[in-house]
Amino acid sequence: MLRAGYRLGIAAAAVAIIVPLLTTGLATTPATASPPSISSLPRNETVYTSGTAYSAPTNWNPLDTGNYATGTEGLLYETLFNYNPVTNKYTPWLAKSGSWNAAGTSYTINLRPGIQWSDGTSLTSADVAYTINLAKNPVVPYSNLGTYIGSVTTPSATTVVVNFSSKAYTEWQDFLWQDPIVQEAQFSTFPAAQITTDANTSPIGSGPMTLLAANSQEVAYQVNPSWWGTSALGLSFKFKYLVDVVNGSNNVEFGNFLAGNIDLSNNFLAGIASQISSPAATGNLGGTGGFGIETYYSKAPYMLSANTVWLEPNLTKAPMNNLDFRKALAYAINTKAIAKIIYGNIVNPTSPTGLLPNLDPFISKSVVSKYGFSYNQKMAIKYLKLSNYKGQDITIQDPDGWTDWNSATDVIVSQLAAVGIKATAYFPQDAARNTDLDDGTYDLALDNNAGVASSPWTYFDRVFQLPIASVQSAQLNWERDDNPAAWALVQKLGTISPTDTAETDATYGQLEKIFLQTLPEIPLWYNGAWAQYSTQYWLGWPTSKHGGYTPIMWDGWLGNMTTVEGLAGLYPNPAAAS
Amino acid sequence: MLRKLFIYLITFWVAASVDWLLPRLVPGNPINLLLSKISLQPQTYNATYNLYMKSFGLNRPWWKQYLSFWEALFHWNLGVSIYQFPKPVTSVILDYVPFTLALLIPAILLSYFAGNRVGAMAARRKMLDNTVLPVGYTLTATPYAWLALLLAFLLSVVGRFFPISGGYSFGLIPSFTWTFIWSLVAHWFLPFLTLFLVGFGGWAIGMRNLIIYELESDYAHYMEALGAPTRLVRRYAYRNAILPQITGLALQLGVVVSGAVVTEIVFQYPGIGYLALQAVGNEDYFLLQGIFLFIIIGVLLANFVVDIVYVFVDPRVRVGIAGE
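Residue numbers (our numbering), protein chains in the order written: chain A, 1 to 578; chain B, 1 to 324.
No lab work stands behind these hints, which were simulated from the structure alone.
Note that beta-carbon positions come from the ideal geometry of N, C-alpha and C, so glycine has one too.
The reader is advised that the hints may include incorrect statements.
Listed next, the stretches of chain B that the computed footprint assigns to chain A, with coverage defined by at least 3 CB atoms under 8 Å from CB atoms of chain A [unchecked claim]:
id, segment
1, 20-33
2, 126-137
Straight-line Cα separation of at most 27 Å, DSSO-like style, residue types lysine-lysine; simulated pairs [as the list claims (entries may be wrong)]:
id, chain 1, residue 1, chain 2, residue 2
3, B, Lys37, A, Lys136
4, A, Lys89, B, Lys54
5, A, Lys136, B, Lys54
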């Protein structure tokens, strides 16, 4: 009897194994309304990307910034212009051209003819006017434009005229390349209050791809054969599918990348420089290293620069409120050593202004040579003596698990100790760190919230934004710098015509001078636009020698810069064809 | 019986309340974290922030949030996930639950059956015992995460027999095809093996000790004295020894579930445990609540089932209940 019971147990266990396993397959349903006809994407027709998504893709609403799945902007929805940070130029995208009238009161957009939405209808001036008018809705990400826009007219199906009630050159310029055009017919069906929160699981875009499927691990797109860019720009894709894989832990990402499961990794992979440059690694696969890895530059720093890392002092607290103390900090930190020791030279130390390399034309060389600083321990000690620092212990915080920053912080602590500043590294959870910065309850922090922009305006807006709230939750002016003169200059810049370069340059020169004289932030190094390519399946990746396109899938890069053009350059590696 | 049910209800109420409270004690605010990924001008930031706070009901006083939590719970409405916004928590969890069940149910049942059999065989058999005892002790004392890492290293990094992470291969669209099912099984095996091995060690040791105890008891000696074959004696001993093991199963459930959480994280296996880690990282109150409610209900139900099974297996309990 017992034997029989035992056998029954085995049978029960077998059923217990098989049934749940089969149901796991059923539980994850494709996101699209009609199930795709294929069950697995052929490896030689699919490009795999990773390094952008940290949560399961569930949302394709381009107005829900921060929540939408990788590819929503760029692959599905497109902007009027793109910006190329390498050449510091704008590329006409949905728009063929655009220009201000002489008085700077209205802007005319000429759309490319023959652009179609993925549902087969035409993208017209009415869609563009509708998208621009959404700025009047306070929850739309570009609602800061709303107060400046007077009226929007559509003289023809491809012409849009935007009349401004007051000048907003900079904000408008940012809209042109940062915010995607949505279809009026679809978006007008959403209630106004939910226009940014609808998941939009059946997106209708104008872009080079359409949504194929999504599950908790990845989102898959397929190439849109009727994309306007093929005839208008001569761009076509040699792959049929693009799959963006949700990020796992760094070691898993590294393993997947080296195994060739991921073609483009936009992760920070520690030690990647040695994988590329070590003599042992080179030899096979076209001399690009044993794993067939490529990066944007073939030598250090390997990557483009993506954003500026600051040492952010809390200006409402002593001794950080003391200029001499901040100067001591600036002189005490050896960013070259950090770039070398922690990053293996895949990052570059910043210029004293902290402005990214693409903004070099805006940097006043005379201001930098007169007021700039560089690593100098003697100067640090000199300024420390002049300051109000009394030997108290100060903390430097950054989020736990940001391993490169955590190690860099340890190095900074030791560099500060060398000049007599007692500092302690502190790594709270991400959310706790944000709260500390919002509330102004920190001492020093590492921060990089000023990313790539087409002018230094965004950078200085982040530094000098006023007024200071008791909770600085919009992440602007986290250091709490109360400098009305600087803020007036930032506001003034929004009203100077972009063609008036003399006035623009002079004003930026003034801001740079104030920045260097008062040091509200201490620029350290440029975080890289991390991009590693595997050449196992695909060749033709964007590099400094090939195309010069941005190789980044991150939000704000894929949709607004030259990533799509870079993807169009890929072609299959003949060695992997078998 | 009623008393037992009452205890279950009280346990549920306390556990669910703690479940509601704990995520809210963590410093920081989920909406703030969500919006920290975007750069918005202050006026837009405030409008967006208020929109989210209102749509998640986080702008209300805490006692109102608590009451509406229970109200919604009775309608089996767990709210909307912040991290996978705007997907409802129940549907997020349903995407991940099958993976966890596919790990837990086979691992618990197989390790229980196999562990008990092997343990029973090993008792009082010197040769076998010399292997089972040390191996069992080592396995049961091994932390799940460590064993998981060891298996991942040996069988997928060095050996390349199994994939190291995920629920199935990239580029597969879930469907009833052999490619997909094979991929599922291959990805499932290592996390399953981890849970199985640790559990197996525990049951084997427990059973071995219980059998030795039973073989020392009067009824066993009496049967031996009557000349009963060893097989028969051992079979009786097994039936008596299995009773405390069933109680042990009920007690073990919580441990196994937490082991599954850790194991899933190591293998990035898309189950409830992996989801829980993501929910914690994103301070997703609602998803965390949902996950823990699911675990609480699962463990309570399993305990309930074990209680009922016990009634059938142990005649003394049956008599006891009937006599009440």
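For this session: Would you list, in rising numerical order, the hints stated earlier that this structure does not obey?
Result: Violated hints (numbers, rising): 2 and 4; every other hint is consistent with the structure.
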